[in-house]
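Asks: Below are the chains, spelled out letter by letter.
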Amino acid sequence: MKFIYQTWWKVLAVVMIFYTLVAGFLLGVPRLEILHETIRNTYFHVPMWIAMFTVFTISVIYSIKYLQTGKEEYDLIAVEAANTGIFFFVLGLITGMLWARYTWGEYWSNDPKQNSAAIAFLLYCAYLVLRNSIDEEQKRAKISAIYNIFAFPVMIVLIMVLPRMTDSLHPGNGGNPAFGKLDMDNRMRVVLYPAFIAWALMAVWIATIRYRIRLIEYKKNAIN
Amino acid sequence: MKLVGQTIELLKKEIILEWRSKYAFNGILLYIVSTVFVCYISFNLNPGFKESQGYPIVWNILFWIIMLFASVNAIAKSFLQESKARLLYYYSIAHPQAIILSKTIYNTLLMSLLSVLALLVYKLFFPNPVGDEVFYFVAVLFGAMSFSTVFTMISAIASKAGNNGTLMAILSFPVIIPVILLLVRVSKAAMDGIDRSLSFGNIGVLLAINIIVIASSLILFPYLWRD
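Chains as they are written, first to last, in my numbering: chain P, 226 to 449; chain S, -16 to 210.
Please note: incorrect hints may appear among the correct ones.
[Unchecked claim] No farther apart than 25 Å at their CA atoms in a straight line, the calculated lysine-lysine pairs in the DSS-like style are these:
no., chain 1, residue 1, chain 2, residue 2
1, P, Lys290, S, Lys143
2, P, Lys364, P, Lys296
3, P, Lys364, S, Lys143
[Claimed, not checked] Listed next, with one range per pair, are the computed distances between beta-carbon atoms:
no., chain 1, residue 1, chain 2, residue 2, range
4, S, Glu(-8), P, Gly295, 26 to 36 Å
5, P, Leu440, S, Arg179, 49 to 59 Å
6, S, Leu45, P, Asp392, 21 to 31 Å
7, S, Gly(-12), P, Asp360, 35 to 45 Å
Simulated from the structure, these hints should not be mistaken for laboratory data.
Where is the CB? At the ideal position from N, CA and C, for every residue including glycine.
My request is simple: use the sequences and hints to build the entire structure.
Replies: Right under this line is the structure:
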């Protein structure tokens, strides 16, 4: 747990995000039909999902740890990681919708990938509602940990598996070329891969700050 | 195997209890028949509905929506009807995994039977030529199994969290939507009489979801039951 109190990776995250902001808008990109300059959205849209997967994975790991040990801190980490994940989920949806407006024509065009993502979003909203429905702290922690572990594989199936089986317009789905095959070159990779790491670290940082606030509140409210 | 023996005993108990009262079975059957009848009357208020172009699509989707709500109602009861003392007694004599497994198998059997009856009633009121009858029937059985596995686990969670219907719907619908999408796709292919091998991919994903759900309920239920 020492990791979350260290500074170096937070500085790294900020520096790398500034790098991707500058390089993402200034470096050259491949000229492609329909996409044109909107291909730069890859630098901002995809890292949001990488960040979301990172914090949701942390959330599930700490839910499992909570069930094993019953330590209240692990539940706090799980819920704050899930909260941060939902925030990045919304950002991922918004950046995707903006891009879809200029390439597919509509913000929401009933694409399987968009629909699946919306359903997965409901799944995590249900997690928060479930937490609110139980008053007793330990019972709430246990039941929501169980639902969290149950929801994670379903979310993976929804976002990663199902859209690939149908005719989605989304790159990488339904026979469309994914990034890295046709429409990507090395100029883009030097921005995209650092962006993955930077936004994932940023999400972890937000989650740790929220966790630390919750921990202070929890200690303050504890009966001594 | 001790687990298998316990599961079979508990399953026998569930079936005997249901056989004596026939409450869940008759109740849900009546629910399905009245829903189908309400749909029949309402749709026939519009003349020319059966000849309209969208009729086969509505036919297929309406059936799955009726089945969805019928199974939510049927399976939400599976943990609700047990009193707290009786649950405690089960846990003292049997392994928790045997309990969730027996409930899942029992619900699968119940829902399979009910789905077949529902399909018969539905076809009576809404006649529709199905291209591949056998495959449609198989799709309905797959549907019954998938609904049962998902809803049994969710009802166990919902019963621990105050047992209200809202929570059951909120928790289960995001999980069941992908299942419904796959089922509608498979059954539509069967209805149109499309070559069966084209649906194997969808059935594979459906089976994979079922395996994930059963595996996670087996792992998670032992943590869930303790208060």
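Asks: Do the Cβ positions of S:Glu(-8) and P:Gly295 conform to the proposed distance bound of 26 to 36 Å?
Replies: holds, 31 Å
Asks: For the pair supplied as a hint, P:Lys290 and S:Lys143, confirm whether the alpha-carbon distance does not exceed 25 Å.
Replies: With Cα atoms ~21 Å apart, P:Lys290 and S:Lys143 stay inside 25 Å; holds.
Asks: Regarding S:Gly(-12) and P:Asp360, is the given constraint of 35 to 45 Å on their beta-carbon distance met?
Replies: Taking Cβ atoms as reference, S:Gly(-12) and P:Asp360 lie about 39 Å apart, which means the hint holds.
Asks: Just tell me: holds or violated, for the beta carbon distance of P:Leu440 and S:Arg179 against 49 to 59 Å?
Replies: With a Cβ separation near 56 Å, P:Leu440 and S:Arg179 satisfy 49 to 59 Å, so the hint holds.
Asks: Would you check the hint for P:Lys364 and S:Lys143, treating anything up to 25 Å between C-alpha atoms as holding?
Replies: holds, 9 Å
Asks: Mind checking the alpha carbons of P:Lys364 and P:Lys296 for me, to see if they're no more than 25 Å apart?
Replies: holds, 13 Å
Asks: Between the beta carbons of S:Leu45 and P:Asp392, is the distance compatible with 21 to 31 Å?
Replies: holds, 24 Å
Checked against the numbered hints above, the structure violates none of them.
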